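Number of protein chains: 2
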Amino acid sequence: MAKQIRLNAFDMNCVAHQSSGMWRHPHDRSWTYKDLEYWLELARVLERGKFDGIFLADVLGVYDVYGGSADAALRNATQIPVNDPFLVIPAMAVVTENLAFGVTGTLSYESPFQFARRMSTLDHLTKGRIGWNIVTGYLESAAKGAGLDKQSAHDLRYDIADEYMQVAYKLWEGSWDEAAVVRDRKAGIFTQPRKVRKIDHKGEHYTVNAIHLCEPSPQRTPVLYQAGASGKGREFAARHAECVFMAAPTKQIIANSVADIRRRAAAHGRNPAEVLIFALATVIPGPTDEAAKAKLEEYQSYVSHEGALALVSGWTGIDFSKYALDDVVRYIENDAIRSTVETLTVADPDRSWTIRQIAEFAGIGGMAPVIVGSPSKVVDELISWVRDTDIDGFNLAYAVTPESFTDFVDLIVPEMQRRGVYKREYTPGTFREKLFGQGRIRLAADHPAQLYRHSAL
Amino acid sequence: MAKQIRLNAFDMNCVAHQSSGMWRHPHDRSWTYKDLEYWLELARVLERGKFDGIFLADVLGVYDVYGGSADAALRNATQIPVNDPFLVIPAMAVVTENLAFGVTGTLSYESPFQFARRMSTLDHLTKGRIGWNIVTGYLESAAKGAGLDKQSAHDLRYDIADEYMQVAYKLWEGSWDEAAVVRDRKAGIFTQPRKVRKIDHKGEHYTVNAIHLCEPSPQRTPVLYQAGASGKGREFAARHAECVFMAAPTKQIIANSVADIRRRAAAHGRNPAEVLIFALATVIPGPTDEAAKAKLEEYQSYVSHEGALALVSGWTGIDFSKYALDDVVRYIENDAIRSTVETLTVADPDRSWTIRQIAEFAGIGGMAPVIVGSPSKVVDELISWVRDTDIDGFNLAYAVTPESFTDFVDLIVPEMQRRGVYKREYTPGTFREKLFGQGRIRLAADHPAQLYRHSAL
Numbered sequence: 001m002a003k004q005i006r007l008n009a010f011d012m013n014c015v016a017h018q019s020s021g022m023w024r025h026p027h028d029r030s031w032t033y034k035d036l037e038y039w040l041e042l043a044r045v046l047e048r049g050k051f052d053g054i055f056l057a058d059v060l061g062v063y064d065v066y067g068g069s070a071d072a073a074l075r076n077a078t079q080i081p082v083n084d085p086f087l088v089i090p091a092m093a094v095v096t097e098n099l100a101f102g103v104t105g106t107l108s109y110e111s112p113f114q115f116a117r118r119m120s121t122l123d124h125l126t127k128g129r130i131g132w133n134i135v136t137g138y139l140e141s142a143a144k145g146a147g148l149d150k151q152s153a154h155d156l157r158y159d160i161a162d163e164y165m166q167v168a169y170k171l172w173e174g175s176w177d178e179a180a181v182v183r184d185r186k187a188g189i190f191t192q193p194r195k196v197r198k199i200d201h202k203g204e205h206y207t208v209n210a211i212h213l214c215e216p217s218p219q220r221t222p223v224l225y226q227a228g229a230s231g232k233g234r235e236f237a238a239r240h241a242e243c244v245f246m247a248a249p250t251k252q253i254i255a256n257s258v259a260d261i262r263r264r265a266a267a268h269g270r271n272p273a274e275v276l277i278f279a280l281a282t283v284i285p286g287p288t289d290e291a292a293k294a295k296l297e298e299y300q301s302y303v304s305h306e307g308a309l310a311l312v313s314g315w316t317g318i319d320f321s322k323y324a325l326d327d328v329v330r331y332i333e334n335d336a337i338r339s340t341v342e343t344l345t346v347a348d349p350d351r352s353w354t355i356r357q358i359a360e361f362a363g364i365g366g367m368a369p370v371i372v373g374s375p376s377k378v379v380d381e382l383i384s385w386v387r388d389t390d391i392d393g394f395n396l397a398y399a400v401t402p403e404s405f406t407d408f409v410d411l412i413v414p415e416m417q418r419r420g421v422y423k424r425e426y427t428p429g430t431f432r433e434k435l436f437g438q439g440r441i442r443l444a445a446d447h448p449a450q451l452y453r454h455s456a457l
Numbered sequence: 001m002a003k004q005i006r007l008n009a010f011d012m013n014c015v016a017h018q019s020s021g022m023w024r025h026p027h028d029r030s031w032t033y034k035d036l037e038y039w040l041e042l043a044r045v046l047e048r049g050k051f052d053g054i055f056l057a058d059v060l061g062v063y064d065v066y067g068g069s070a071d072a073a074l075r076n077a078t079q080i081p082v083n084d085p086f087l088v089i090p091a092m093a094v095v096t097e098n099l100a101f102g103v104t105g106t107l108s109y110e111s112p113f114q115f116a117r118r119m120s121t122l123d124h125l126t127k128g129r130i131g132w133n134i135v136t137g138y139l140e141s142a143a144k145g146a147g148l149d150k151q152s153a154h155d156l157r158y159d160i161a162d163e164y165m166q167v168a169y170k171l172w173e174g175s176w177d178e179a180a181v182v183r184d185r186k187a188g189i190f191t192q193p194r195k196v197r198k199i200d201h202k203g204e205h206y207t208v209n210a211i212h213l214c215e216p217s218p219q220r221t222p223v224l225y226q227a228g229a230s231g232k233g234r235e236f237a238a239r240h241a242e243c244v245f246m247a248a249p250t251k252q253i254i255a256n257s258v259a260d261i262r263r264r265a266a267a268h269g270r271n272p273a274e275v276l277i278f279a280l281a282t283v284i285p286g287p288t289d290e291a292a293k294a295k296l297e298e299y300q301s302y303v304s305h306e307g308a309l310a311l312v313s314g315w316t317g318i319d320f321s322k323y324a325l326d327d328v329v330r331y332i333e334n335d336a337i338r339s340t341v342e343t344l345t346v347a348d349p350d351r352s353w354t355i356r357q358i359a360e361f362a363g364i365g366g367m368a369p370v371i372v373g374s375p376s377k378v379v380d381e382l383i384s385w386v387r388d389t390d391i392d393g394f395n396l397a398y399a400v401t402p403e404s405f406t407d408f409v410d411l412i413v414p415e416m417q418r419r420g421v422y423k424r425e426y427t428p429g430t431f432r433e434k435l436f437g438q439g440r441i442r443l444a445a446d447h448p449a450q451l452y453r454h455s456a457l
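Sequence lines, in order, name chains A and B.
In this text, residue positions in the first sequence follow the numbering used here: the first is 1, and each later residue adds one.
In this text, residue positions in the second sequence follow the numbering used here: the first is 1, and each later residue adds one.
I should point out that these hints are in silico values taken from the structure, not numbers from a laboratory.
Be aware that a few hints might be false.
Any copy will do: because identical chains look the same in the list, a pair fits if it lies in one copy or spans two.
Simulated pairs of lysine to aspartate or glutamate, EDC-like, Cα-Cα distance not exceeding 16 angstroms [what the hints assert, rightly or not]: (1) K232 / D184; (2) K127 / D35; (3) K377 / E290; (4) K195 / D71; (5) K150 / D326; (6) K198 / E140; (7) K232 / E163; (8) K127 / E37; (9) K150 / D200; (10) K198 / D71; (11) K232 / D260.
All values reported here derive from a predicted model rather than from experimental measurement.
Based on the sequences and whatever the hints tell you, model everything.
Shown next, in the form of structure tokens:
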């Protein structure tokens, strides 16, 4: 059987996730993000298309690097306003049975004790359909909201994150034994006290002396996602992540990153094939190549350069407002900018990029490929990405929502199924079972969280 | 028109909220708290009964005073395990249109910046059906979970809470002007930057330098609930609360508290009639008085003394495990215990209470009246409570869930409607409009949060 392609839909509880300006398109409904109806419809569409999951990004601050203020971000609704991603999940769970929910949780500003309860609650309510995208945060503005002068240094953030994971594993895996809850009506015993343990964690960054507040949820630890691209980030992913999310515009960059992550995972004694890797992509399909191309061009006419550059400025820390749209990047005397767009030049090192072209590229789905064409052409391309880079699937951004997802489900999913590269039915069970096979409800035996099970805490 | 009686259902995302041992009753479904189905069914029942809201309690720790450990609480599922209350609300919102959701948020362990976003998100998703029960926490074990040695002192907790409210008001009321979001497709402007302000709060306990992450939600500030019974707590309620929740076993105690709260509210320049007061009560109705009495007796046979005393020990800080069930309280040489049960003796100062009787009283719905009888008798009693104490309605605890609520909706609601003391239709609009009249979407003009609107922050 051909390798099965995994699919996540990539969205965020905000107006213009990674397609800046597109909220002006008459079909776009992203501005209704604050209504339940948007999320219920999206969830139904994705489950109809047998998507593995919906992956919800998040930030806890504003993009205020561009022009030195949040003005451009506000004008363009560049991920601001932005609502809490956790709270749309229970609603979507009501109208679906198999769709999983990967949610971004920024660990820098919340105690692991309360956070662990929120995740366990979601895992209970969804009967084991929860994943957690572990994020340390990258916006200075988020630190200011939390009352700090600035973020912790990048590497320190990952050290703190490592300890946070330890505490979370202790709570999820170690505090309640499997048979703790007996619900024995005759004896009047709901939980056997001797099978519940206080964790007593005294670390460098966290102190927790408590039992986990929740009885064991189906998966205990949610499926763990990570997206760090730096060396420290990859090392963290290789240790902890079951799924890794990557974003880059070319196959070669992705292939190198995939090989590196798998190598690092193996070095940690984990099965490298069981770190599932999802590459960001935007698909614009049409009944014919020409129709798809026309659709892309129509979308592109709505891209906001300012909004897209506000986003790229936030990601890179470079204020792109200081340059004219027609400035050619290779002639700008700024090492940081050149390094930022280096990724764009890997495929064709001789190509020149203007600031405008960067905005237009990033303005549809972010810094990642836009795959355009008929079902047959799109599926060829998806298969070639999987084959050439060793990824396991895609994190699909939208240009226009939910149209981009509806188009994909109606046009591309049937073609993928016809080619035998996509499931016709969901695997029963929890999210982890759907990803790794029936019976695999809990973390794999080679995962470091195992250290915290049934051990003296 | 007779005074309209308000109703909240009182529940918690746990097994045995305030009716310890009742999870063993064959009809009780409280042990399915972790499934969406429980909450969806409950929400539908309550909306059918035109309940104003469901009020969700919460704790962030365990009841470990009784016997000096969490063992009794665990055995009896005394509010442990306990899941997050926020996450069941979006699911219930999917299947209801008018039911409001009052949720307990413990402010001691979460940054106001993130908390404000969660509340705004819920207010958006429910189209303005959210209330917040402001709680500072009372369990030492919760402080230990959050990594602290112990809680802040009681009075200091309320000072911290006051500053927390200031920050929250600034975010909810002051950061985004009414007309900030224009969604002007032609001009490409989603939000007008000059109509969004950073709050720059530097206080004794909190520092926040950020814009609120959410665009204005229907109510902006959620309907504010408070339940503090101490002097400091009442003072806090009189300043901030739009609804107050009280729990006491006799009319006289309630009447005194109501008068005190209304007096304090007036002293703060607020309309004392617009602090709506809900008294805790449990109603066991039956088609006849005899049938109801038989039902109560059957319920009582399931009460767990140990579980109920674990609860009362947690509330009072007194370890009741040190006494025999048949010890008579007035003969116990312990001032704290005598003061705890003083409330029980107001109605009949000559009555003796044993520890067992206290457990049995608290074991059905907590330290509050249990009203038992035919519809006519129950409604007589409810009306007399409202008349004699000046309360506005009831916070109804369950003995067995959802049976206690279903019984109330089927038997008591029609009788209340027949007597003209209960609505036949919901008022359209937000929760605040349902409570205070159409058009009253935002906090009243005499509420202190007004200080933080459109002002220089």
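*How do K198 and D71 come out at 16 angstroms by Cα distance, when the copy is not named: within, between, both, or neither?*
Result: close only across copies, 12 angstroms inter versus 48 angstroms intra.
Practice task
Indicate which option fits the pair K198, E140 if close means a Cα-Cα distance not exceeding 16 angstroms: within, between, both or neither.
Solution key: between (35 angstroms within a copy, 14 angstroms between copies)
- Query: At most 16 angstroms between C-alpha atoms: does K127 with E37 qualify within a copy, between copies, both, or neither?
  - Reply: between (22 angstroms within a copy, 11 angstroms between copies)
Within, between, both or neither, where K127 and D35 count as close if Cα-Cα is 16 angstroms or less: between (24 angstroms within a copy, 8 angstroms between copies)
Worksheet item: Can you tell me if K232 and D260 fall within 16 angstroms by alpha carbon in one copy, between copies, both or neither?
Response: Classified as within; 12 angstroms inside a copy, 59 angstroms across copies.
Checking an output row: K150 and D200, CA cutoff 16 angstroms. Within, between, both or neither? between (30 angstroms within a copy, 15 angstroms between copies)
> When no copy is named, should K232 and E163 be tagged within, between, both, or neither for a Cα gap of at most 16 angstroms?
Replying inline: For K232 and E163, only the intra-copy Cα distance (14 angstroms) is at most 16 angstroms; the inter-copy one is 38 angstroms.
At most 16 angstroms between CA atoms: does that hold for K232 and D184 within a copy, between copies, both, or neither? neither (48 angstroms within a copy, 42 angstroms between copies)
Practice prompt. Using 16 angstroms as the alpha carbon limit, work out where K150 and D326 are close: within a copy, between copies, both or neither.
Written response: neither (34 angstroms within a copy, 60 angstroms between copies)
Query - Status of D71 relative to K195 across identical chains (alpha carbons, at most 16 angstroms) - result: Only across copies: K195 and D71 sit 10 angstroms apart there, 54 angstroms inside one copy, limit 16 angstroms.
- Task: First find the shortest C-alpha distance between K377 and E290 inside one copy, then the shortest across copies, and answer within, between, both or neither for a cut-off of 16 angstroms.
- Result: within (11 angstroms within a copy, 76 angstroms between copies)
Of the numbered hints stated above, those contradicted by the structure are hints 1, 5, listed in ascending order.
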